[in-house]
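Chains as they are written, first to last, in the working numbering: chain G, 1 to 378; chain Z, 1 to 378.
Hints in this document: simulated from the structure, not taken from any laboratory. Nothing here was measured: the structure is a model prediction, and the numbers come from that model. Idealized CB from N, CA, C, for every residue including glycine. Errors might be hidden in some of the hints.
[Said to hold, decoys possible] With a Cα cut of at most 35 Å, we get these calculated DSBU-like pairs of lysine-lysine:
#, chain 1, residue 1, chain 2, residue 2
1, Z, Lys54, G, Lys22
2, G, Lys299, Z, Lys153
3, Z, Lys150, Z, Lys54
4, G, Lys153, G, Lys86
5, G, Lys370, G, Lys200
6, G, Lys54, G, Lys86
7, Z, Lys324, Z, Lys370
8, G, Lys153, Z, Lys299
9, Z, Lys22, Z, Lys324
10, G, Lys150, G, Lys22
11, G, Lys324, Z, Lys291
12, Z, Lys299, G, Lys22
13, G, Lys299, Z, Lys54
14, Z, Lys299, G, Lys83
15, G, Lys22, Z, Lys291
16, Z, Lys54, G, Lys324
17, Z, Lys83, G, Lys299
18, G, Lys291, G, Lys22
19, Z, Lys22, G, Lys370
20, G, Lys22, Z, Lys324
[As the list claims (entries may be wrong)] Derived DEER-like restraints, expressed as beta-carbon distance ranges:
#, chain 1, residue 1, chain 2, residue 2, range
21, Z, Asp208, G, Asn305, 53 to 63 Å
22, Z, Val366, G, Arg285, 52 to 62 Å
23, G, Met364, Z, Asp51, 34 to 44 Å
24, G, Gly100, Z, Ile353, 55 to 65 Å
25, G, Leu84, Z, Ala293, 22 to 32 Å
[As the list claims (entries may be wrong)] A few chain Z positions that, by computed beta-carbon distances, are all more than 10 Å from chain G:
#, residue
26, Val6
27, Asp8
28, Asp197
29, Asp212
30, Asn305
31, Glu352
32, Arg362
Protein chains: 2
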Amino acid sequence: MTTHGVVDTPAFMPVGTQGSVKGISPRELRELNAQIVLGNTYHLFVRPGLDVIKHFGGLHRFMNWDGPILTDSGGYQIFSLAKLRKITEDGVEFQNHIDGARAFISPEIAMEIQAALGSDIAMALDECVPYPCEYDYAAQSAEMTTRWAKRCKAVASAVLSGESSTRSPHGSDALRTAHTTTRQLLFGIVQGATFEDLRKQSAQAIVDLDFDGYAIGGVSVGEPEQEMMRGVESAEPFLPRDKPRYAMGLGTPPQLLEMIARGMDMFDCVLPTRLARNGTAFTARGTLNLKNAEFALDKRPIEENCSCDVCREFSRGYIRHLIKAEEILGLRLITLHNLHFYLNLMRQARSEIERGTFDQFRRMFVAEYKPRDAMTVE
Amino acid sequence: MTTHGVVDTPAFMPVGTQGSVKGISPRELRELNAQIVLGNTYHLFVRPGLDVIKHFGGLHRFMNWDGPILTDSGGYQIFSLAKLRKITEDGVEFQNHIDGARAFISPEIAMEIQAALGSDIAMALDECVPYPCEYDYAAQSAEMTTRWAKRCKAVASAVLSGESSTRSPHGSDALRTAHTTTRQLLFGIVQGATFEDLRKQSAQAIVDLDFDGYAIGGVSVGEPEQEMMRGVESAEPFLPRDKPRYAMGLGTPPQLLEMIARGMDMFDCVLPTRLARNGTAFTARGTLNLKNAEFALDKRPIEENCSCDVCREFSRGYIRHLIKAEEILGLRLITLHNLHFYLNLMRQARSEIERGTFDQFRRMFVAEYKPRDAMTVE
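Generate coordinates for the entire structure from the input sequences, incorporating the hints supplied.
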């Protein structure tokens, strides 16, 4: 339950990096029954910038999406996109990837930015270490992430109790507004790289801080799938059962079901939107690369028996033509289908869980699903 | 009246070059109340190719558009896009601009292709001469265009009377199908470059052949606006009043109104879709380049009092952000607004004509409209 509505779990969050789920309008998101979208704090901070979004009254109004929004803390993108990073206990200094302007983000500033964005769920600032990562660095980093989480929590608590102690370097009072007129939830993030004991320690320390929900970060950063599963499994037992659990940046359809089996509730992933722009569509039998010549005369929809508008109206052959001819409608149609596929998979999972048949459903789905094209989650 | 529905005139036809109005879905076209779209024969002939479109049962089914479609003859694109053209009395040999494959189009083949596409209105094959053009070449070319028009008409008449004499080099019987199960209209095209006497002679000769409608081609090919107006004015008196008159490839909003004042009924133009992709929106006061910094904090819609969905839901500031961030949604939103603007201008024109107040409306509109950015029609 968020300020802008209820989110049924397990839930998939389409990624709206720059204030738009790529290729898709808010109306289409509503028609897809998306219940929540993700916004990337780093991208929005860099462009159009906080002043612009505050001027428009927050991200919901800016992008005309009145459902729930989760914003990440910006940490992941600072560590994957920005240049000349300098990490200290205080925070991260970096140059953004658009115009190279210098900026500094601390746990307090990350909270302030997300308050200005007005998201329903904010994420604590974390350091997301790359794969592979040395044990010692991973340990120190996870401990710092815990200290950062504590500072984020302190900001949220101070605002809630009406005694904001943060002096905003951006001169904003948006922080207080977001927390008093709406109830912005705050999730902590478990780190610890691929090391079981670090994952456990991180989970315990983060849970001790008592957040509204818990995310597992630093997964799906290039490690083998088994390591990813183990990373989640190592942390999961220490996360309370009555709070949402969010596996960040995941994943393929089978991975989502495996994660649900391991107790995860929320997911975000660029695969359905990013692969669509490359002509790749998801089906229960695996992915189809619609650029392939085999589809040129194919009158079938992307997926037979699919209930999405695209599959009701358009053939593989037509969509292939659009992709080959670089017509924008092609990637739009595949994006719509792919998002429907992910959102529908979550609906199916919820219904199977309710009926107590989820394990059977998961096993059958995973056995049927054959990834035909190499896929990587970036 | 066409096989797929009625078209009210004056009418604007959104351009669906490659089987898609760029960025827009057929559903959106219906919601915009577009009554007819244009398909480019040359582009579709090159990619996906006739075999593909025939396999799908024609262009309507291929692109899932059940309203009227007008196809051009391919001539204009052969003369503007293709390479190594060789024009003879028989037809045009060329290499396409995609993979350089050689092809040959004659008046008979142009008719056959359009029959296979299954358009509601086909255009006779013409030679569109560039601007500027020598008198002698323009005269010879216009005469050849008339002879080509006669051959196109002969094909249509032969098919209508059930005695198709064309042997299809593509092995297709689509020609007969299109003319017997549906009534494909055929328009002739007036040429004559910028020369009044040639325009007059061309118009008279083409009208003598008795087509279902008449187009004025070879305008808006780079000539000054006055020359363009004169080209239309020179031909117009010789076109019958009871047949549709189509000014090809036009134009800016004021140009369309001026053309309506000069008796033109149908228009097609890439401006609303092409300029949208560059961030330019049409308003009654002229164009806005939404990339400009002045719009960053602008909460107003593209056009105040505009009834389109985009203006009801999105601000200039948000759309500017999308365009700057190269988000596809940005060009989609501007395209939707621009098409609404053009289609609505035609609706207004129809209503003013009915009320007998069109001239006043046109004068006021043209006086208010200030093009703020350089615009060229390609």
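Inset, instruction - Measuring Cβ to Cβ, find out whether Z:Asp8 lies farther than 10 Å from everything in chain G. - result: About 26 Å separates Z:Asp8 from the closest Cβ of chain G, which puts it past 10 Å; holds.
Legend entry - Pair hint G:Lys22 and Z:Lys291, alpha-carbon separation not exceeding 35 Å: Cα-Cα ~19 Å, so holds.
Inset, instruction - Note whether the CB distance of G:Met364 and Z:Asp51 lies within 34 to 44 Å or breaks it. - result: holds, 39 Å
Inset, instruction - Starting from Z:Lys299, check that the Cα of G:Lys22 is at most 35 Å away, please. - result: The hint holds at about 22 Å.
Inset, instruction - Evaluate the condition: distance from the CB of Z:Val6 to the nearest CB of chain G exceeds 10 Å. - result: holds, 23 Å
Legend entry - 35 Å Cα cutoff - pair Z:Lys83, G:Lys299: holds, 33 Å
Legend entry - 35 Å limit on alpha-carbon distance, applied to hinted pair Z:Lys22 and G:Lys370: holds, 33 Å
Inset, instruction - For the pair we were handed, G:Lys291 and G:Lys22, check the Cα-Cα distance against 35 Å. - result: holds, 20 Å
Inset, instruction - Sort out whether Z:Lys324 lies within 35 Å of G:Lys22, counting only the CA atoms. - result: holds, 14 Å
Inset, instruction - Please settle this one: Z:Glu352 was flagged as non-interface, so is its CB more than 10 Å from every CB on chain G? - result: Non-interface label stands for Z:Glu352: nearest chain G Cβ at 32 Å, farther than 10 Å.
Legend entry - No chain G beta carbon within 10 Å of Z:Asp212's: holds, 29 Å
Legend entry - Given pair status - Z:Lys299, G:Lys153, alpha carbons within 35 Å: holds, 34 Å
Checked against the numbered hints above, the structure breaks none of them.
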